[in-house]
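In order, the protein sequences belong to chains A and B.
Residue 168 in my numbering sits at position 2 of the first sequence, and the numbers go up by one each step.
Residue 956 in my numbering sits at position 85 of the second sequence, and the numbers go up by one each step.
Please keep in mind that the hints were generated in silico from the structure rather than gathered at the bench.
Here a beta-carbon is modelled for each residue, glycine too, at the ideal position from N, C-alpha and C.
Treat the hints with caution; some may be incorrect.
[Unchecked claim] Facing chain A, according to a computed beta carbon distance under 10 Å, are these residues of chain B, among others: (1) Gln877; (2) Pro879; (3) Lys886; (4) Ile891; (5) Ala895; (6) Ala900; (7) Gln909; (8) Gly914; (9) Pro923; (10) Phe937; (11) Ala941; (12) Ser945; (13) Arg964; (14) Ala968; (15) Thr972.
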Amino acid sequence: GAVVSQHPSWVICKSGTSVKIECRSLDFQATTMFWYRQFPKQSLMLMATSNEGSKATYEQGVEKDKFLINHASLTLSTLTVTSAHPEDSSFYICSARRPPDTQYFGPGTRLTVL
Amino acid sequence: QQQVKQSPQSLIVQKGGISIINCAYENTAFDYFPWYQQFPGKGPALLIAIRPDVSEKKEGRFTISFNKSAKQFSLHIMDSQPGDSATYFCAARAGTASKLTFGTGTRLQVTL
Numbered sequence: 167g168a169v170v171s172q173h174p175s176w177v178i179c180k181s182g183t184s185v186k187i188e189c190r191s192l193d194f195q196a197t198t199m200f201w202y203r204q205f206p207k208q209s210l211m212l213m214a215t216s217n218e219g220s221k222a223t224y225e226q227g228v229e230k231d232k233f234l235i236n237h238a239s240l241t242l243s244t245l246t247v248t249s250a251h252p253e254d255s256s257f258y259i260c261s262a263r264r265p266p267d268t269q270y271f272g273p274g275t276r277l278t279v280l
Numbered sequence: 872q873q874q875v876k877q878s879p880q881s882l883i884v885q886k887g888g889i890s891i892i893n894c895a896y897e898n899t900a901f902d903y904f905p906w907y908q909q910f911p912g913k914g915p916a917l918l919i920a921i922r923p924d925v926s927e928k929k930e931g932r933f934t935i936s937f938n939k940s941a942k943q944f945s946l947h948i949m950d951s952q953p954g955d956s957a958t959y960f961c962a963a964r965a966g967t968a969s970k971l972t973f974g975t976g977t978r979l980q981v982t983l
């Protein structure tokens, strides 16, 4: 299957700092990427849909000023958690849609905010 | 109407047995039904997917059965192995530009 990478795989930061997570589609161009959040033993919760060259579409209840998403190229999307707090600690997973419609997921990033 | 209901929540199967996970949906606009496998601490991996124009799709030990009239689809894992122990998510989507709607997941444990 197609390869989607994420970096970093885990990050620990202090409360109040910002953290950037990168998502790359390695062997295809993805006009659409998605960002999910997953709590332990729960399903995936879509945070936002990112389209290359345009603003991200956020799901209801997701603060767009806190979770900044940039999709600068067809192979790279970034999620920046601004002014992180302990409640932002979670497993963040990106996904990229390979045309026409198959969706592949990255390995995830474990964020711990102290 | 956007929900996908998945059952069971957890499943224990002996090695060599058949694991069956079921999903049901209401939205008749759904036209793509993938299954994902997720190991702890990892992202979901696409296992197999089906579209409503076929009733069954098989890839190796994994088979999707699809019942359009009942609005149900299921994943069958034949000859289940301990390495299959993971969480499985069904999903559905209405159109290529739409987002995936996920089921709640099934934790499968395959015992020796």
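Each hint tested on the structure:
no.: 1; hint: Gln877; in the structure: 9 Å, holds
no.: 2; hint: Pro879; in the structure: 14 Å, violated
no.: 3; hint: Lys886; in the structure: 24 Å, violated
no.: 4; hint: Ile891; in the structure: 19 Å, violated
no.: 5; hint: Ala895; in the structure: 15 Å, violated
no.: 6; hint: Ala900; in the structure: 14 Å, violated
no.: 7; hint: Gln909; in the structure: 8 Å, holds
no.: 8; hint: Gly914; in the structure: 4 Å, holds
no.: 9; hint: Pro923; in the structure: 14 Å, violated
no.: 10; hint: Phe937; in the structure: 17 Å, violated
no.: 11; hint: Ala941; in the structure: 23 Å, violated
no.: 12; hint: Ser945; in the structure: 18 Å, violated
no.: 13; hint: Arg964; in the structure: 8 Å, holds
no.: 14; hint: Ala968; in the structure: 8 Å, holds
no.: 15; hint: Thr972; in the structure: 9 Å, holds
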